[in-house]
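Asks: Residue-level listing of the chains:
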Amino acid sequence: MTGLLVAKQILMTLYSKYEVYITPLLKFLLALISLLLINSRIGYMDSIDKMTVVLIVALMCSFMPMNFILLMAAIFIMLHLYAFNLECTIVLGAGFLLMFLVYLRFSPKDTLVVLLMPICFLLRIPYVIPLAMGLIGTPVSAISIACGVIVYYMLHFVTQNVSVILAMADEERTARFKFVVDGLLHNRDMVITIAAFAVTVILVYFIRRLSIDYAWTIAMVAGAVVNITVLLVGDLMFDTHVALLEVVLGNALSLLLAVVLQFFVFNVDYSRTEKVQFEDDEYYYYVKAVPKIVVSKPEKKVKQINSQKAKTAPRSRTTH
Amino acid sequence: MLNEERIILMTKMASYEANEGKKNVAIGSYFRGDYIGWQVLKSIISATIAFVVVFGVYIYYDFETFMTDIYKMDLIEFARHILSMYLWTVGIYAVIAYVVYMIRYMRAMKSLKLYYLNLRKLSGMYKQ
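Going down the list, the protein sequences come from chains B and Z.
Sequential numbering from 5 applies to the first sequence in my numbering.
Sequential numbering from 568 applies to the second sequence in my numbering.
No lab work stands behind these hints: they were computed from the structure.
Glycine residues also receive a C-beta, built at the ideal position from the N, C-alpha and C atoms.
Treat the hints with caution; some may be incorrect.
[What the hints assert, rightly or not] Derived coverage of chain B by chain Z (criterion: at least 3 residues anywhere in the stretch with Cβ under 8 Å from a Cβ of chain Z; other residues may be distant):
id : stretch
1  : 91 to 102
2  : 105 to 112
3  : 180 to 193
[What the hints assert, rightly or not] Quick list of simulated restraints, FRET-style, between CB atoms:
id : chain 1 : residue 1 : chain 2 : residue 2 : range
4  : B       : Pro-112   : Z       : Met-676   : 15 to 25 Å
5  : B       : Val-24    : Z       : Lys-680   : 24 to 34 Å
6  : B       : Val-166   : Z       : His-648   : 32 to 42 Å
7  : Z       : Phe-622   : B       : Gln-164   : 23 to 33 Å
8  : B       : Val-24    : Z       : Arg-674   : 24 to 34 Å
9  : Z       : Met-577   : B       : Thr-163   : 47 to 57 Å
10 : B       : Leu-249   : Z       : Glu-584   : 51 to 61 Å
11 : Z       : Thr-578   : B       : Glu-278   : 23 to 33 Å
12 : Z       : Met-640   : B       : Met-68    : 47 to 57 Å
13 : B       : Met-68    : Z       : Met-676   : 26 to 36 Å
14 : B       : Val-24    : Z       : Met-634   : 54 to 64 Å
15 : B       : Leu-170   : Z       : Thr-632   : 18 to 28 Å
16 : Z       : Lys-688   : B       : Thr-163   : 52 to 62 Å
Same shape as in the complex, but just chain B (with noise of 0.2 Å):
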């Protein structure tokens, strides 16, 4: 444990000290794999599906604010979906305007939570930014984290339907559009997990904020179960086919990201916890405080061997 908290402060001076250089390195790799991403998945653009295109952009990322990321993100999908059809174009287009027009324009901050949100989709541990939002953010945070869920639904939705979209001729335009319309509106699987994580969220926020032992880690397990409860419940309502191995793994996986997560910003030793009351001329206070467990970076000592040879050389030298 000393040693993962040496590491940890180690970890900490060297951002501080580098924070110059890491801050634009992680917006940039965040920029690539999104970019990325979206090539891989709705490539259909080839003047954008390019390695130097994309290398460019994500370079442009790392010096701007981090919500250009998403609008450089938002462009892309546009682009891609321009040149595989029109209707799609115009029914994201359409989501995409009333996300930045209604809500992101409240919380600017939350837009990192949209880009992660379908990152973490495809890498099937969706179940992690809930927990981490209910941990580090506010129950406002379950909109932002609504937003990332119909993002990945509305791109899910859209490769998982390309033959359909493409066998409609073009005259059936109208009914092309109402297709992709319906099949976002009447999305169970996505109602369900805004459901189910905007739960997660409010439970995880009010469980880590009790005055009680190991707050952030029953939070954690609660929200974990509680997510793969409502999950399940939706399905069997609604038969929404979740594959229960996966969810379970998932949010085990989530529950492990979430406890790296509690040690770099909540580690504490309840095991010290002091309870305090005392008095003023308005208030009788009742104070509970837990200190941080915090270790000192092990400095490093030199010990020169070879000092009394050192200082005895020159000597003998001028003796001769």
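Given the structure of chain B, go ahead and fit chain Z onto it with the hints provided.
Replies: Same frame as chain B, now just chain Z:
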């Protein structure tokens, strides 16, 4: 002679000015009514665009039915219905925006008050 307390205070204030403070100073340059009014106006414009987008999608979704029914339907009643929906949507959104930006303004002012307090403290240190 270096004054450690002064340097710590200056560092904290510089960090505040560079990060959170930048936004708060911008908010603080407005009067309460002006700031909230401007933000609510922007929200109303956003909500109007969003409503137009949703209405456009709704019309295009049932375009054929809409075109066949357009000669039969009472257009004034239809327009009145759409207008009332628009007013409800924009009204609710404007109220939410008002509450959000009022809280944001109050928080910013509270934070700036602390900043100006520190500024006076720093000024006092120089006079000592």
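Asks: Taking the hints in turn, state whether each one holds.
Replies: Hints, one by one, checked against the model:
{"no.": "1", "hint": "91 to 102", "verdict": "holds (count 5)"}
{"no.": "2", "hint": "105 to 112", "verdict": "holds (count 4)"}
{"no.": "3", "hint": "180 to 193", "verdict": "holds (count 3)"}
{"no.": "4", "hint": "Pro-112(B) x Met-676(Z): 15 to 25 Å", "verdict": "21 Å, holds"}
{"no.": "5", "hint": "Val-24(B) x Lys-680(Z): 24 to 34 Å", "verdict": "32 Å, holds"}
{"no.": "6", "hint": "Val-166(B) x His-648(Z): 32 to 42 Å", "verdict": "38 Å, holds"}
{"no.": "7", "hint": "Phe-622(Z) x Gln-164(B): 23 to 33 Å", "verdict": "28 Å, holds"}
{"no.": "8", "hint": "Val-24(B) x Arg-674(Z): 24 to 34 Å", "verdict": "29 Å, holds"}
{"no.": "9", "hint": "Met-577(Z) x Thr-163(B): 47 to 57 Å", "verdict": "55 Å, holds"}
{"no.": "10", "hint": "Leu-249(B) x Glu-584(Z): 51 to 61 Å", "verdict": "53 Å, holds"}
{"no.": "11", "hint": "Thr-578(Z) x Glu-278(B): 23 to 33 Å", "verdict": "30 Å, holds"}
{"no.": "12", "hint": "Met-640(Z) x Met-68(B): 47 to 57 Å", "verdict": "48 Å, holds"}
{"no.": "13", "hint": "Met-68(B) x Met-676(Z): 26 to 36 Å", "verdict": "30 Å, holds"}
{"no.": "14", "hint": "Val-24(B) x Met-634(Z): 54 to 64 Å", "verdict": "59 Å, holds"}
{"no.": "15", "hint": "Leu-170(B) x Thr-632(Z): 18 to 28 Å", "verdict": "25 Å, holds"}
{"no.": "16", "hint": "Lys-688(Z) x Thr-163(B): 52 to 62 Å", "verdict": "59 Å, holds"}
Violated hints are absent here; each numbered hint is respected by the structure.
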